[in-house]
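Please model the entire structure based on the sequences and the hints provided.
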Amino acid sequence: MAANPMTQFNVYRIGPEVKVGAFDISFTNASLFMIISSVAILLIFSLGSKKNSLLPNKIQLLAELSYTFVSKMISDTAGSKAKPYFAFIFSLFMFVLFCNMFGMIPYTFTVTSHIIVTFVLAAFIFIGVTVIGFMKHGFGYLKLFVPSGVPAVLLPLIVVIEIISYLSRPVSLSVRLFANMMAGHTMMKVFGGFVISLGIVGGWLPLSFSVALTGLEILVAFLQAYVFAILTCIYLNDALNLHH
Amino acid sequence: MPKDQFKTRLEIAKKRISKKNQENKNDNPSSIGAAFKLSTELVAAVAVGTIIGFIFDKTFGTTPWFILIFFFVGVVAGITNVIRSAKNMQK
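Protein chains in written order, with numbering that gives the first Met the number 0: chain U, 0 to 243; chain C, 0 to 90.
Covered stretches of chain U, going by a simulated chain C footprint (3 or more residues, C-beta under 8 Å):
#1 159-171
#2 174-183
From chain U, some residues computed to sit far from chain C (all C-beta separations above 10 Å):
#3 Phe44
#4 Leu61
#5 Glu63
#6 Val152
In silico PhoX-like links for lysine-lysine, alpha-carbon gap of 25 Å or less:
#7 Lys2(C) to Lys14(C)
#8 Lys71(U) to Lys18(C)
#9 Lys135(U) to Lys80(U)
#10 Lys13(C) to Lys71(U)
#11 Lys71(U) to Lys50(U)
#12 Lys57(U) to Lys71(U)
#13 Lys6(C) to Lys57(U)
#14 Lys80(U) to Lys86(C)
In short, the hints are calculated from the structure, not lab data.
Computed from a prediction, not measured in an experiment: that's the story for all the values here.
Every residue, glycine too, gets a C-beta built ideally from N, C-alpha and C.
Shown next as structure tokens:
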């Protein structure tokens, strides 16, 4: 019986131990669930785009709905210039969404509840957006750190503040997703523990809380994937259309 | 006439969608997303500022000073972040 609410986040090895130099790259439950969500995405979209009928069946509807959803999100926030990056943002959104949603099934592992996973995603977005910004604007991209209409005396301070605010983007992006997923899953486990310890007499109240929390967590799982993708769009917009 | 029938059905469906869109304007997911965004924005800038100060202190051996300065600069950066995203929301 796993009484500790944090044991659900344990990463353990599946299969043999593989080491490259000092790094342990063995196959873990985290890698298993990343693969499961990637395969599920691939399956849905290959099935959904197999026969393009005018009246879509359920899987095709799902694929088309998510396509239009992400496409609309990109054009609303980042404009038409961001269209070439659709594939990246779409796969990012789907991956985070599926990882979050697979975590909602009991006895599964939530990949996005580990800060290293979300931070790597956010760091790649950050580096990518910075590279795109420099490619599009050259050194003019550095103007992002120098807002117009600031007195020269305050400029050094403002530039430092702007740089910190720029560097805080990947941190806030990754911490938001990780903290929401971890807090939600811990809370669900704690309420589940209350049900067991209060037994048949008093366990009904935490049980009803648990049911409500599950609904909330499904909302949060979707919402955090959405926020993750939309913030990527916003950062991309900053890099593509430089304005201050 | 199946074609006419389809047209009227399409009209009705279109009307329903536009009505629904007007109703849901205020609780679309992006406003909830924006609310989630604000909270971490502040904390992240403070954390990044403090980490930068810590690194500077480690390399230059000026232990309390850079961490103190950059902590407050981080707070300012966090507040500007929050104000900026709040302004974006109002657009």
